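Chemist: One line per chain: the protein sequences are A and B, in this order.
Start counting the first sequence at 1; every next residue gets the next number (our numbering).
Start counting the second sequence at 1; every next residue gets the next number (our numbering).
Everything labelled a hint here was simulated from the structure, so no lab data went into it.
All values reported here derive from a predicted model rather than from experimental measurement.
Be aware that a few hints might be false.
Stated by the list, open to error - To spell it out: a stretch of chain B is covered by chain A in this simulated footprint if at least three of its residues, at any positions, have a beta carbon under 8 Å from a beta carbon of chain A; those stretches are:
{"no.": "1", "segment": "28 to 40"}
{"no.": "2", "segment": "43 to 49"}
{"no.": "3", "segment": "235 to 244"}
Unchecked claim - Subject to a maximum C-alpha distance of 20 Å in a straight line, what follows is the list of computed DMTMM-like cross-link-like pairs (lysine to aspartate or glutamate):
{"no.": "4", "chain 1": "A", "residue 1": "Lys133", "chain 2": "B", "residue 2": "Glu24"}
{"no.": "5", "chain 1": "B", "residue 1": "Lys172", "chain 2": "B", "residue 2": "Glu183"}
{"no.": "6", "chain 1": "B", "residue 1": "Lys220", "chain 2": "B", "residue 2": "Glu154"}
{"no.": "7", "chain 1": "B", "residue 1": "Lys109", "chain 2": "A", "residue 2": "Glu211"}
{"no.": "8", "chain 1": "A", "residue 1": "Lys185", "chain 2": "B", "residue 2": "Glu26"}
Don't be surprised by glycine CBs; every beta carbon is placed ideally from N, CA and C.
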Amino acid sequence: MHKFFALLGRLWEHLGRRVDSFLMAAALAIVGIGLVTLFSASDQSVARVTSQAASLGFALVLMWMVANVAPQQLARAAVPLYAVSVLLLVAVALGGTMVNGSRRWLNLGIGRFQPSELMKIALPLMLAWYFQKHEGRIRFVDFIVAAALIALPVWLIKRQPDLGTALMIGASGFFVLYLAGLSWKIIIGLTALAAAAAPLVWPHLHHFQQERILTFIDPERDPLGAGYHSTQASIALGSGGVIGKGWLNGTQTHLDFLPERHTDFIFAVFGEEFGLIGATVLLVLYLLLIGRALMITANASTLFTRLLAGAITLMFFTYAFVNMAMVSGVLPIVGVPLPLVSYGGTALVSLFVGLGILMNVQANRKLVKT
Amino acid sequence: MRRLFARRKSSFSALGAPELRNAERELLYFRRRLTIAAALIVVGAVGLLGRFAYLQIFQHRHYQTLAESNRIAIVPIVPNRGVITDRNGIVLAQSYSAYTLEVTPSRVKNLDQTIDELSQLVEVQARDRKRFKRLLEETKNFESLPLRTRLSDEEVARFAVNRYRFPGVEIKARLFRQYPFGELASHVIGYIGRINDADVERIDDWDETANYKGSDYIGKVGLELSYERELHGTTGVEEVEVDAGGRAVRTLSRTPPISGNNLKLSLDIKLQQATEAAFGDRRGALVAIDPTNGEVLALVSKPGFDPNLFVDGIDPTNWDALNNSPDKPLLNRPLRGAYPPGSTIKPFLALSALTSGKRTPTQQIFDPGFYQLAGSPHRFRDDKPGGHGYVDMMKSIIVSCDTYYYMLAGETDIDVTHDFLAQFGYGGKTDIDIEGELPGVLPSRAWKRERFSGKSYREEHRKWYLGDSISAGIGQGYNAFTPVQQAEAIATIANDGHAYWPHLVRAVENVKTGAIREIAPRETHVLAVKPEYLALIKSALVGVAREGTSARAFVGAQYVSAGKTGTAQLFSIKQGEKYSAGKVDERLRDHAWYIAYAPADHPRIALAVLVENGGFGAQAAAPIARAVFDYYLLGRTPGAASDSPRTGDDESD
Numbered sequence: 001m002h003k004f005f006a007l008l009g010r011l012w013e014h015l016g017r018r019v020d021s022f023l024m025a026a027a028l029a030i031v032g033i034g035l036v037t038l039f040s041a042s043d044q045s046v047a048r049v050t051s052q053a054a055s056l057g058f059a060l061v062l063m064w065m066v067a068n069v070a071p072q073q074l075a076r077a078a079v080p081l082y083a084v085s086v087l088l089l090v091a092v093a094l095g096g097t098m099v100n101g102s103r104r105w106l107n108l109g110i111g112r113f114q115p116s117e118l119m120k121i122a123l124p125l126m127l128a129w130y131f132q133k134h135e136g137r138i139r140f141v142d143f144i145v146a147a148a149l150i151a152l153p154v155w156l157i158k159r160q161p162d163l164g165t166a167l168m169i170g171a172s173g174f175f176v177l178y179l180a181g182l183s184w185k186i187i188i189g190l191t192a193l194a195a196a197a198a199p200l201v202w203p204h205l206h207h208f209q210q211e212r213i214l215t216f217i218d219p220e221r222d223p224l225g226a227g228y229h230s231t232q233a234s235i236a237l238g239s240g241g242v243i244g245k246g247w248l249n250g251t252q253t254h255l256d257f258l259p260e261r262h263t264d265f266i267f268a269v270f271g272e273e274f275g276l277i278g279a280t281v282l283l284v285l286y287l288l289l290i291g292r293a294l295m296i297t298a299n300a301s302t303l304f305t306r307l308l309a310g311a312i313t314l315m316f317f318t319y320a321f322v323n324m325a326m327v328s329g330v331l332p333i334v335g336v337p338l339p340l341v342s343y344g345g346t347a348l349v350s351l352f353v354g355l356g357i358l359m360n361v362q363a364n365r366k367l368v369k370t
Numbered sequence: 001m002r003r004l005f006a007r008r009k010s011s012f013s014a015l016g017a018p019e020l021r022n023a024e025r026e027l028l029y030f031r032r033r034l035t036i037a038a039a040l041i042v043v044g045a046v047g048l049l050g051r052f053a054y055l056q057i058f059q060h061r062h063y064q065t066l067a068e069s070n071r072i073a074i075v076p077i078v079p080n081r082g083v084i085t086d087r088n089g090i091v092l093a094q095s096y097s098a099y100t101l102e103v104t105p106s107r108v109k110n111l112d113q114t115i116d117e118l119s120q121l122v123e124v125q126a127r128d129r130k131r132f133k134r135l136l137e138e139t140k141n142f143e144s145l146p147l148r149t150r151l152s153d154e155e156v157a158r159f160a161v162n163r164y165r166f167p168g169v170e171i172k173a174r175l176f177r178q179y180p181f182g183e184l185a186s187h188v189i190g191y192i193g194r195i196n197d198a199d200v201e202r203i204d205d206w207d208e209t210a211n212y213k214g215s216d217y218i219g220k221v222g223l224e225l226s227y228e229r230e231l232h233g234t235t236g237v238e239e240v241e242v243d244a245g246g247r248a249v250r251t252l253s254r255t256p257p258i259s260g261n262n263l264k265l266s267l268d269i270k271l272q273q274a275t276e277a278a279f280g281d282r283r284g285a286l287v288a289i290d291p292t293n294g295e296v297l298a299l300v301s302k303p304g305f306d307p308n309l310f311v312d313g314i315d316p317t318n319w320d321a322l323n324n325s326p327d328k329p330l331l332n333r334p335l336r337g338a339y340p341p342g343s344t345i346k347p348f349l350a351l352s353a354l355t356s357g358k359r360t361p362t363q364q365i366f367d368p369g370f371y372q373l374a375g376s377p378h379r380f381r382d383d384k385p386g387g388h389g390y391v392d393m394m395k396s397i398i399v400s401c402d403t404y405y406y407m408l409a410g411e412t413d414i415d416v417t418h419d420f421l422a423q424f425g426y427g428g429k430t431d432i433d434i435e436g437e438l439p440g441v442l443p444s445r446a447w448k449r450e451r452f453s454g455k456s457y458r459e460e461h462r463k464w465y466l467g468d469s470i471s472a473g474i475g476q477g478y479n480a481f482t483p484v485q486q487a488e489a490i491a492t493i494a495n496d497g498h499a500y501w502p503h504l505v506r507a508v509e510n511v512k513t514g515a516i517r518e519i520a521p522r523e524t525h526v527l528a529v530k531p532e533y534l535a536l537i538k539s540a541l542v543g544v545a546r547e548g549t550s551a552r553a554f555v556g557a558q559y560v561s562a563g564k565t566g567t568a569q570l571f572s573i574k575q576g577e578k579y580s581a582g583k584v585d586e587r588l589r590d591h592a593w594y595i596a597y598a599p600a601d602h603p604r605i606a607l608a609v610l611v612e613n614g615g616f617g618a619q620a621a622a623p624i625a626r627a628v629f630d631y632y633l634l635g636r637t638p639g640a641a642s643d644s645p646r647t648g649d650d651e652s653d
């Protein structure tokens, strides 16, 4: 028996060589919270939790694989992965499965798959590879190319329609540009341009997207319609108080008042049942994970890994922030899941692949003296 | 445009190889950007934390209340409406529980499609759809509306299986009102109907808004209306936990409703039945009162209507039929029908003359068959050609001599007559316990002035003329009495001048405690007349039934009755003009009156009968009174009294 554990220990030592234990611990703590909350949110459905746990297993394997490949292979995968992702997005547009009026999924026979999730990794990878390739001699043309590389998937996802994910993908591309040193003038200029373009974009938004934005401005506008989600989520959080109503005791959750409660609004369930204390713990766990990721990024050896790790880190925070801000009524409702917590296999896998990349970067760091 | 990506001048550019320096600078610059991002992350996290604290600490109480009100629904439990029974305990109106299929329009996306789909499970007729559409237009709020009522058990089961397909549609148990006797006594009992805006105001005036939460129905007509507050009961409350779909998950607390009080009527439904049968198809009214206490024994308004039609909301076809019928079945004739009293006014005028001293009992006049005012060529004709010869007061009532009363009227000031007759309740409301009573008209100088006070009238319209007095002297002219006034007046005579408040409800029973609150008979006043005068009039009324104008109707009666016939001439032709030409003649015939009581020595029942367009009172109305007396006093149920063949002797009234 003792020998068996010793063997297991040796095996872990070997397998876990390139697994960052701090990152891993923080991620698993968050996933743990997610599974516990999912059990409550799905009205104690063991099947749901098992399904999510199975995805977790698959995600961990992929993470391990990504962590263990050579960094050059990551760079080599950039172009084909981007190309495949774009092709899959086109395939979705042509023959995707419709759910709730939007075409986001590809039916693979064994399960549904959301190509936009793949793009979350593929786009930063592609951009990081591109800037690495042109390191030291980046010109205006490169900016145009990068912008085009970003615009293509954003446009494809926006027309699914999935405005939230499109914006997120766009943000991940922007983060690469930002970290690559995009001039502040252009950043400010683009921001101003975006603000100016808002009235031009408005008529092209889908009706429900317009509704969401109007409702965000005034949730009381239509409390039983578009404002319902936001109002009910705020009630769930607020009524949770400091210590929460207790696990499985959230009335908003268990009496069906909360919509989308095991996916996009799972944080409302958590906040209702575990209160401000729970919410703070979760936020701190995210900050620990992100802090570790920032450290990894700062110590990355090449421009490619630096940009890639940085973009992944910032994306991770952006997702968590946008989701929690949306649930607590600070941002309009966009379909953004809470990373590592919301139910959904594809998102979980892409997040752990992202963590795998970070671990890979960490394992291949080269200390640069300062 | 070459320098799109910023390059910072490094302060230590002199150190090391250019390539390394460049790489170091790049790294430094990258880390600076990363630091800015990290700072933004911290700001974002602090912002989120602040938001959570705001919601979960400062706004906690507010959101907790919202969550509770989300979770807890206060569901009113509608009380059972009180039962109405007749004086012998026979049920006239009751409530029963039945399943209804209800739709909450605000929760249904496509209403028409949903109804189409529902109609495959449950029978939904065009009538139900129409009614639902109308309810939909009337209501603005989010309440559920009945699409189908009284579902069978099978239909309930069929829907229950398919319920998941119909969000916003549910089966509810609701209380329904049923009137087992249908048209019989429909004007007395009335009906309930859905609460409308006017009712909401009424409820608000009573300060009962909370008590009517959940109540859909309210009394609209008859006793259902006038005793609404006894019948309704106290609404109970159930606190239930509900889910987002509004479905009750569990009950938290419950205050049971208190059923409405039962009404026990003085009305005898069997007597009512016999009376309505005696009317046959004829239109008219009858009010029968126990003269010793004012209890109403029968109150007929013919034709009636089926109150059951109104309970669910009447459909347009039936409504049009009732509302537009020339027979006016919705008119409560005993209370709202004001007819000239004709000769039935004569005993009262005789009593007035005795009291004022204008006539003595034995004083005789000569009747040549007409009466003529000095200086006027107009002859007021008597019914009997050639006249009745010498007539005293007794005879004037028994043979109903018009000339006697023309003369009397000619000598009497109308205001004196008015003041005397007002004692009997004419020109005012009897306060019977059903709403909607009209006062009729008891003319006086002041009344005429007021009546013609409008701008389109001139002084000559407002002035009282002697001719007005002469017409009024035989119960025509401006006089207009309701059958309930007439019944109350004759009951007062029958009861030797002691007037009792006419009422239909004898007792109110508290269902919960079983306590019975009797409604005591109330003597309203005593006539200011000498008993011997009253006795004279009473014996004259006995004479009417024995040897006078109504004698034929009472041949062979096993009791002695007293009465007076009357024929109300229709002075208004306009009323008939809109009727179809073929009916005009019938509609313009006189109304027949008979007021009576029996037994003559110890009256147990007094009544007033009016048969619209029935012709002579002796022929059309008196036989109905005979049938009622026969049933009430002897327990005999005759067939419908038919018009007896006309004979020369009885023509005068």
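Chemist: Now, for every hint given, state plainly whether the structure supports it.
Modeler: Hints and how they fare:
no.: 1; hint: 28 to 40; result: holds (count 8)
no.: 2; hint: 43 to 49; result: holds (count 5)
no.: 3; hint: 235 to 244; result: holds (count 4)
no.: 4; hint: A:Lys133 - B:Glu24; result: holds (18 Å)
no.: 5; hint: B:Lys172 - B:Glu183; result: violated (29 Å)
no.: 6; hint: B:Lys220 - B:Glu154; result: violated (33 Å)
no.: 7; hint: B:Lys109 - A:Glu211; result: holds (18 Å)
no.: 8; hint: A:Lys185 - B:Glu26; result: holds (19 Å)
Against the hints set out earlier in the document, violations occur for numbers 5, 6.
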